[in-house]
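*Asks:* The primary structure of each chain is shown beneath.
Number of protein chains: 4
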Amino acid sequence: MNCNNSLLSILIFTQLGENEMAENQEILKTSEEYVKALKKMDPCIIKDKLLDKPFEDEDIQKGLNVVALSYDYAKEEKNKEIMTVKSPFTNKVINRFNHIPQNKEDMTKKHQMIYTLAKEVFCAQRCVGSDALQTLFDGTYRVDKSNKGTTEYHKRFLKYLKYIQDNDIAPAGAITDAKGDRSITPSQQADKDSYVHIVKETEDGIYVSGIKTPITMSPYTEEIIVLPGLQYSEADKDCAVAFALPADTKGIEIYVLGPEIKTLKGEFSPTHGTKYLNKEGMVVFNEVFVPKDRIFLCGEYKFAAVFANLFATLHRFAYTACKPALYEAMTGAGMLISEYNGTKGEYFLSNTSEKIFEIYKTAITVKGLAKAAISDAKETESGTILPDAVFANMGKYTSSEFFHYAISILQDMSGNLPANLPFEELLKDEKYKSKMKSLLLRRKGVSIEDQYAINELIRVMVASNEGGLLQFGSKHGGGNKEAEKVAIYGNSLRNMYACKDRIKKMSLKK
Amino acid sequence: MNCNNSLLSILIFTQLGENEMAENQEILKTSEEYVKALKKMDPCIIKDKLLDKPFEDEDIQKGLNVVALSYDYAKEEKNKEIMTVKSPFTNKVINRFNHIPQNKEDMTKKHQMIYTLAKEVFCAQRCVGSDALQTLFDGTYRVDKSNKGTTEYHKRFLKYLKYIQDNDIAPAGAITDAKGDRSITPSQQADKDSYVHIVKETEDGIYVSGIKTPITMSPYTEEIIVLPGLQYSEADKDCAVAFALPADTKGIEIYVLGPEIKTLKGEFSPTHGTKYLNKEGMVVFNEVFVPKDRIFLCGEYKFAAVFANLFATLHRFAYTACKPALYEAMTGAGMLISEYNGTKGEYFLSNTSEKIFEIYKTAITVKGLAKAAISDAKETESGTILPDAVFANMGKYTSSEFFHYAISILQDMSGNLPANLPFEELLKDEKYKSKMKSLLLRRKGVSIEDQYAINELIRVMVASNEGGLLQFGSKHGGGNKEAEKVAIYGNSLRNMYACKDRIKKMSLKK
Amino acid sequence: MNCNNSLLSILIFTQLGENEMAENQEILKTSEEYVKALKKMDPCIIKDKLLDKPFEDEDIQKGLNVVALSYDYAKEEKNKEIMTVKSPFTNKVINRFNHIPQNKEDMTKKHQMIYTLAKEVFCAQRCVGSDALQTLFDGTYRVDKSNKGTTEYHKRFLKYLKYIQDNDIAPAGAITDAKGDRSITPSQQADKDSYVHIVKETEDGIYVSGIKTPITMSPYTEEIIVLPGLQYSEADKDCAVAFALPADTKGIEIYVLGPEIKTLKGEFSPTHGTKYLNKEGMVVFNEVFVPKDRIFLCGEYKFAAVFANLFATLHRFAYTACKPALYEAMTGAGMLISEYNGTKGEYFLSNTSEKIFEIYKTAITVKGLAKAAISDAKETESGTILPDAVFANMGKYTSSEFFHYAISILQDMSGNLPANLPFEELLKDEKYKSKMKSLLLRRKGVSIEDQYAINELIRVMVASNEGGLLQFGSKHGGGNKEAEKVAIYGNSLRNMYACKDRIKKMSLKK
Amino acid sequence: MNCNNSLLSILIFTQLGENEMAENQEILKTSEEYVKALKKMDPCIIKDKLLDKPFEDEDIQKGLNVVALSYDYAKEEKNKEIMTVKSPFTNKVINRFNHIPQNKEDMTKKHQMIYTLAKEVFCAQRCVGSDALQTLFDGTYRVDKSNKGTTEYHKRFLKYLKYIQDNDIAPAGAITDAKGDRSITPSQQADKDSYVHIVKETEDGIYVSGIKTPITMSPYTEEIIVLPGLQYSEADKDCAVAFALPADTKGIEIYVLGPEIKTLKGEFSPTHGTKYLNKEGMVVFNEVFVPKDRIFLCGEYKFAAVFANLFATLHRFAYTACKPALYEAMTGAGMLISEYNGTKGEYFLSNTSEKIFEIYKTAITVKGLAKAAISDAKETESGTILPDAVFANMGKYTSSEFFHYAISILQDMSGNLPANLPFEELLKDEKYKSKMKSLLLRRKGVSIEDQYAINELIRVMVASNEGGLLQFGSKHGGGNKEAEKVAIYGNSLRNMYACKDRIKKMSLKK
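Residue numbers (my numbering), protein chains in the order written: chain A, 1 to 510; chain B, 1 to 510; chain C, 1 to 510; chain D, 1 to 510.
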């Protein structure tokens, strides 16, 4: 860690008037307090129509429960080490999602935190906001430096960071624009709102319009952080904007996206889908006012790419933490269903072993690439630390590359029952129970309820509306494979040209 | 074609007292007549509870609509050639699904028929019953021959066939048993009903119990044909049974399987899911009486494998007709969404071309293997014709092998919108329409309604409850990949050993 | 078959003064006569220097032996059906390689002929010349027709065809040019000789210069047939030239290509490499004169693509005959080495079965696509028949796609011995024999000589200079995968757009 | 590091009478001294016959040159950091290959050392002996501990280690036995010499017989270290033996393996094949006497698996260092040939980029897994450090899995010229030079000599006898994929069962 600059940041922090820092004070809301904070707000949330009490909507609640878990876990003693950390800026113990990583140990623990949550909920959701904070920490520092002191985005951001940390807020991060016709630039679009952009600027701040979508967590967050999603040329400099606002700021509309998940209400339905779900939102800005101290980039178009790339690297690194949990869930499901069905004896002495391996090996590889990204992490001048971009991108790429293959194998191992279950009411109806038994009975000692439940879990994970969201997430979350390839090339060019030179030398006469 | 035996069958037919045969008379029900016939019946169909009016159930109707289409198409002049045929047994023009193929031309046309329907509905559903008829035609002939005239299953079957043809019935075929613990045999199962088996035999017939599942079309069929699903040893000879019964026979219960498809009712929802859907059923036999003339195998356990293999080959061949349609649907979807999004210009001059090709090539390969299976088809002594088992199995295997890969590519090409659509009501609400436009606008000239619809179609096809059924179908329909591998080995042994001998000879001293 | 035109060709033939046609006369040289004919010639063949007696060169002899086999096989009674045919033009029985296929039966038998030879020699080599003849048959007909009778290339060709058939010549086909810088056109090349082109035209004929390479069989052929290798624009019309010349025509130089195969002389060395080998040549034209009656295209640049595409389709179809033999050789080798090593018991009851299947399945698929290409073959107006271009290209593509994968599996199954054999002299040296036994002994009953030989065969096939030629051949022979993809697109466009239209229709409101 | 035990080892070392330790003294032979030391020996080395002057044999010299490079590099100032290290036991600066790694930094530098050499020679060869030393260091410690002080293998080994370090010897490691029939155990083999085993034991030592093969570096080493290659049961305890001997010990014969590389002598031939080559040997023990102080395991059959697994993990980890260099060589070759041919413009803006990526990505992944193996390395009680077994095995597995795929792509990118080069003598012959130019000319500015050389290099790397050795090495070096899979399972069981338990919990009623 570059001590001087971290000290600088802390100094700035102190200058913000933070004399009251109480050593080791814990700033950790309960999940109830998180919900209460949401309910105090008045956001404009739209499903098929404007929702009157959005936080009582069933689908929104499933998403909210995931975020709530990150509050609950932080309160549990056994998770303290990985879920919480003392902020170097406030000296208070905070949720690690709101922490700016200082070193490799921080990176490792953050990785464990995401993995731990993902084992339970598949997608922890808070990574986006967390990575947005780290992006702004380093990005604002760089702009200010480039602007040679004429801007003070970093100072503003530190103030905002303190607000987030001191109020234990779980912000959403809004990066991707609607983007319109992919073959033309923002300024060429028929509809200017395809990208979030600055409409006008006043002495007190700016007015912004446009669409960010899909935005994870946006229907149940207190704060929305907006970053530029691409590199921009001068012609598109209005789009080079970063800021943060409360979710219920006047002019912000949040549309709930994705298919409504109506089917899962059964006693045997898995937690994924009934209790937890990732709900994305479309965030629309209608000439929304952003006050000065909430603006972190404002037209410096050359820095749009810096912000976008910082976020991309950080977020793809985050994927290397959650995706292994998903592959492991499929591994476990394959093992359990084989055991229940009596299909293949022991996994390790049978040709089921091939199949389990083909699922599990990607969990290993992605975990390994994550460790490599930490191993080669670089500290920044601003005082944080960034994962190696090549390994982080390759980890995400690999998790995406083999996802459908793993699904395919799990479906193969499962037999056709997951897609052909009878209605679960029948299991509890004495009239039909014996038929259900004849259908579901497999290996001795496995109850038909357990048999039903694992089959339904597998269906939900890999062949359902809920599973469909995971599949698209694996392809496009954090950018698609092309984007990752470009990032890998960009960061490998020097080495690749060295490879070419070696071969040239090797092929020449001695 | 082995004329003598086909003539023999026709002779038997004639002996059945069919003097009234009117040359070229058409026996083609309208789809309304099909539904009317169903409604006249009183089957015991259970979802979460016994259904009072099953054919008014929404999900059942979606399945029924698929079968109805096979009646409608047969009535359309442009489809006559492929959808209908003159039965050599009755001399009447019938739906080709109820025809016993006589030659390669018949095979080719049946293939086209299935492909034509699959382009519209993905799974034509009637293939199972159709293949069961052909299986019984050849299988009963073989048992009788082996029994040296002591049985007359073939004659009984021909009478049944005439009934099916003359009443233009779309029978379901029930092959797969519940099977219980996969590591033990039928007679070792804790629950005897894991397999359909003969409970007792009387002078007039037999009583059968047990479960067949999942059975395509069973919730909306007039007749159910039951075949043995595996080879059986003497200990399990009670399971070596084949017969046919009306779906509302006393003691038969039919349970509707699979997740309820509640979400798709929108104006922009695709026909697949709203109008058409494959609904499987579990068919339970509770000491059901089968009269003698409906019994086609009764304890001849050595022929269980013959029946099962005949059906497997025929049905896997059927898959080589429908699956190319599915791969083509994904090809078309990839082309259309690229065009709408403006992502990649022309498919054939860009790196989108790689992606489209990776989807489309499997359509070509499976079609090619189907043609090879026809090209090497063999006529049987009984007077029908069978596809080459190696090519038929390899065609099905290939369609299964690359299915999830194709899905993966289509999801990659589509961007994340299919999984992140707003509620469709908003498109029609003036208050929100401009926002929807900002979200959905892509290439000039594409309406936001079209944009919405293609995205929703892609989601339904590849990332939904409906799509999940297709995925499991691709893995397990007609047997899984292991089963196909075994069949390929079984039919390739002679050639494989010849390969080994060649190599041995080639490696020896000259 | 379009009888009229085939009759037309036969008529032309007759007009050529062929009254002496003896019904069923056999025109089949012995292999000795083939070699004798070669030795009568005086070609300019260069290895490291000009060869004095080229047909006594060891490497050239290995190639020559392959061609000789096609003469020997035609003489064997058991092969008559597939190796020979009565020419419709001369009414004499000729080697099928020189026959213009008339119908699907001809195609099927030609396919069997190639497969039969490839089982012994991996690459039959004569396909190139054979496909060049068929290309000229149809191509010249089309040019003449387009030229509305102002040219008579077809008549000239028929005369040439008669010469080839009547003298049982095995011509080489020279299609691929040296091509120079791939990013610029022929006329832009720094060295004009990168492409074969017309240098000047006189009343009696043309003078041509340039390079065709690599040209199969060119170092041991009597005749070389030259076709254009690409489509050409008007600027490059000098390259749009087709003709045929004796291999020892003044100004033609033939350079032997590829690594010299010096290692294989052992008693245990396999026939492939010691007796048989594919030797390519570079054919250089130095202002070579082509007399008028040997010119089959001369500047009609729009037809260059026609000729090139005809040849490509025919030759890729030929690959679907030989490549299955190669996959089968690898299958047999995997089976034999497993048996010898005692690694895995029976292939079909062990996890070796997975590996064998992964090799063998491509043999099935490519065979199947070949049958499909025949099944959908189309007769031409000129009176021959062409395989379906989509299936032929897909067959070749598939054989290329999985070749290295199959090699990888065979190497995996073989253990490391193939790459780690001791010198074979030691097996015959009493002093070392017991050590060799300790090394090589595996399953009881397998001699150490057999064990040595199969290991050496596997090394030669998949991990040697000889095997390296097969690998590059699998990638580039008959054009690379990109070329095949383009051909598949070109012939699938109509169907692919129909797929898109269906999806569009399916996604729209009903 | 466990200081106590490392101190213990150092203490033992000191007790060995090493008072003369001179701080920082360099014990680094020149490559000439290495060759001189070899020539002083009198080993029994056999090719087709006993070699009189083995170190003047051309093939052996190519292998010897690789080892020589490891001496040369250690002398170069720029490599000091990675090639040399101060031994904690002797306090002298030694070649890192003979060092027992103490910490993660040591592991990282060793990894860099191997990678650095592999960039030049593809296989550094010395890893086997180096890993054998580390195996013995930890293995002997464990046996002694288990034997509760009744054995002192560790002390003996430390003495041996001092000898190796003080004389800068490059020992070979001999692990794999000939193994005979793979389906039966050592004691069941028809030929007892299929495995190295103890023949008799005397007071002074043991007599051993049997075969180890293939043994890297064995034809040009001073010392051979023998380890058990498998786990053994009590019946096979004679095979549970570890020891070290000079290569010219009476009774040891070394047979040179693999095809003789005769073709590569040209001016344009690449260093790989002409100067450097990996030569394996078969080492035969004919009742060879091993004195007591050179015995490190002697019948403790339960520890055979410990030794074998230690070595396997260490050696697979070593592969994660050299294989990325090979993938990078293919990457560079693909880039260079594309550039020369003018096929595709810039790699990163064309569809060549897809191909390069498919080669290069495995370099990244394997490197990443290596870093993960270091990141999770565990110190041992004996005072060394071991890479994480799961990541090390997965790294090797991945390098093996995609090797042939990478080759396939490089061959695809290269065009067919590598397999179709004319004889290189012609390039220097004025008579033929202009033809060579016409053949080889591609992009402006690339000389035909460079063009020739890169094509020949590619052929040698991926389609030749030399390349064939690399291919088999990729499959079987350090154990095949099955062995790695077993190791991964063995080390992942706990986590995999945890995955299953999570899924079970997740699927149950809440």
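Take these hints with a grain of salt, some might be off.
Note that identical chains are pooled: a pair holds if it fits in a single copy or bridges any two copies.
Said to hold, decoys possible - With a straight-line cut-off of 20 Å between C-alpha atoms, the simulated PhoX-like cross-links for lysine-lysine are:
1. 104 - 433
2. 119 - 481
3. 109 - 378
4. 78 - 119
5. 428 - 47
6. 250 - 109
7. 104 - 378
To be clear, the hints were calculated from the coordinates, so they are not data collected in a lab.
Please read these numbers as outputs of a predicted model, since none were measured by experiment.
*Asks:* Regarding residue 109 and residue 378, is the shortest C-alpha distance of 20 Å or less found within a copy, between copies, in both, or in neither?
*Replies:* Result: close both inside a copy and across copies, 17 Å intra and 19 Å inter.
*Asks:* Since the copies are identical, ignore which copy is meant and state whether residue 428 and residue 47 lie within 20 Å (CA to CA) inside a copy, between copies, both or neither.
*Replies:* between (34 Å within a copy, 13 Å between copies)
*Asks:* When no copy is named, should residue 250 and residue 109 be tagged within, between, both, or neither for a Cα gap of at most 20 Å?
*Replies:* Classified as neither; 38 Å inside a copy, 58 Å across copies.
*Asks:* At most 20 Å between alpha carbons: which applies to residue 104 and residue 378, within, between, both or neither?
*Replies:* both (9 Å within a copy, 18 Å between copies)
*Asks:* Can you tell me if residue 104 and residue 433 fall within 20 Å by alpha carbon in one copy, between copies, both or neither?
*Replies:* neither (56 Å within a copy, 48 Å between copies)
*Asks:* Could you figure out if residue 78 and residue 119 sit no more than 20 Å apart (CA to CA) within one copy, between two copies, both or neither?
*Replies:* within (16 Å within a copy, 47 Å between copies)
*Asks:* Classify it for me, residue 119 with residue 481: is the Cα-Cα distance of at most 20 Å met within a copy, between copies, both or neither?
*Replies:* neither (24 Å within a copy, 29 Å between copies)
This entry does not satisfy hints 1, 2 and 6, going by the numbered hints stated previously.
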